[in-house]
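Trainee: Chain residues, written in single-letter form:
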Amino acid sequence: MSLAAPATVTLHVLLFARYAELLGQDTLTVTLPAPATVGDLIARVRAEPGGTGLPARVLAAVNLVQASDATPLAEADEVALLPPLAGG
Amino acid sequence: MSLAAPATVTLHVLLFARYAELLGQDTLTVTLPAPATVGDLIARVRAEPGGTGLPARVLAAVNLVQASDATPLAEADEVALLPPLAGG
Amino acid sequence: MKWPSSRRSRAAEPVSNPVARLVLGPIDAAALAAEVARPDRGGVVSFVGLVRDHHGGRTVIRLEYSAYAPMAEAELARIVSEAGERWPAIVAAEHRLGSLAIGDAAVAVVAAAAHRGDAFEACRHVIEQIKARVPIWKREYYADGSVAWVDPTAAAGAAPAAAGQGRSR
Amino acid sequence: MKWPSSRRSRAAEPVSNPVARLVLGPIDAAALAAEVARPDRGGVVSFVGLVRDHHGGRTVIRLEYSAYAPMAEAELARIVSEAGERWPAIVAAEHRLGSLAIGDAAVAVVAAAAHRGDAFEACRHVIEQIKARVPIWKREYYADGSVAWVDPTAAAGAAPAAAGQGRSR
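Residue numbers (the working numbering), protein chains in the order written: chain L, 430 to 517; chain D, 430 to 517; chain G, 1073 to 1241; chain H, 1073 to 1241.
Hint data in this document are derived by calculation from the structure and do not stem from the laboratory. The model shown is predicted, which means the values in this text are computed figures rather than measured ones. Check each hint, because a few of them may be wrong.
Derived DEER-like restraints, expressed as beta-carbon distance ranges [said to hold, decoys possible]: (1) L:460 / H:1136: 27 to 35 angstroms; (2) G:1131 / D:505: 26 to 34 angstroms; (3) L:460 / H:1171: 36 to 44 angstroms; (4) D:494 / H:1170: 46 to 54 angstroms; (5) G:1215 / D:495: 29 to 37 angstroms; (6) D:484 / G:1131: 22 to 30 angstroms; (7) H:1171 / L:507: 25 to 33 angstroms; (8) G:1189 / H:1213: 52 to 60 angstroms; (9) G:1153 / H:1107: 15 to 23 angstroms; (10) H:1176 / D:484: 47 to 55 angstroms; (11) G:1176 / L:453: 36 to 44 angstroms.
Cβ coordinates follow ideal geometry from the N, Cα and C atoms, glycine included.
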């Protein structure tokens, strides 16, 4: 990493349905050391109050598109943690 | 065949769609030597005016149920000759 | 406790009168669906066949369906009943007869089931069986003034069989 | 002469705005079908999902759908567009959100195509993709006063995951 790279990324995290209930809120702002991935963010949310209730596998979306744990995160990305989908 | 068996069967024949056009009528009454089958009846209809226009394979129904050429015919059966089906 | 009595009684309902009709007026697929949809049959699949504006490269302006009505009704009812035995689904079907305009619904099939897979399969099966077994005939009237009986058994892509009058090919 | 220009021009129509909507009021599947049915798309297949009155052996009295709306809308549009590329069919889909009663339509998918096989396949594919990809959640309210978030990934036949309040098992 060059000296000019920011040392952290700050992310807007959206929680829905059962996950919002578990965490007691539907939005979080999380700052992580850079570079950060979706997996890093989920690990951090697990450490929040109520976060231990999250299942082993958590589906996530970054900027409205489904992501994997390895997806890199950039400053101000919108990350959504999605409980098991139940549409239809 | 016993002496009491009738020597002929008389059948009501219904013609539809293109077949009615070919034969110029939509009903025929046909008397055939007994015992008679659907195949016998179709051969007889081919001999009617316009009957040579019938295709090699003619679909038939006896008393509202699809039949084969080997299906036996009884007195007063309703036999329908069905052009290629085009419902739906 | 897993199968409360209210559910069991619904599943055991007799299907004494299959909904299978020849109709002379417009088909209302939504009304047909309402006849079979129930809260314990949450997946409802419908097929509607509309009169197309072309066939074999020619422009169709209207058509007429005719039938061997007593057999067509009996066969339609048999098809619907058979589907209800083969799948855990309730099926309803209507076929219109008489003169139809472009875009009119000629046939509608609705299948309702607890599981959508059963509803899709039953609906598809019934429309295929209707086309294969129900004695109904279709006469197409073309923009060029010609008329033809439709023969789906003719080679794919071939023009309809000639009706013998005013055909311009 | 086999493909008159009128047909070609229709087939080339741009599908610039996929019909893919989240709605808060009742779904009208017939109106949705009317948006995609055309005389050159004579086979119209519809799927409607109704709110069921039971789940996992418990009596459901109503439910609520919620969504990550911006993503749900985008994903629904992607699914409909993808189906239109994979099959020669036009597809429309609506999903309802908010509070629904037993028997209400929660989702409707309509596929219209020249050939019924394409319409059946496109319709089936789109409803499967909606269930797999669109971020929508369902909360069921039971006759015994309990409430649960539905988890379709839970073992088949298992009761819904507890919501943690007033559950009586």
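Trainee: Hint by hint, work out which the structure violates, then give me just those numbers in ascending order.
Mentor: Hints 2, 8, 9, 11 are the ones this structure does not satisfy, whereas the remaining hints hold.
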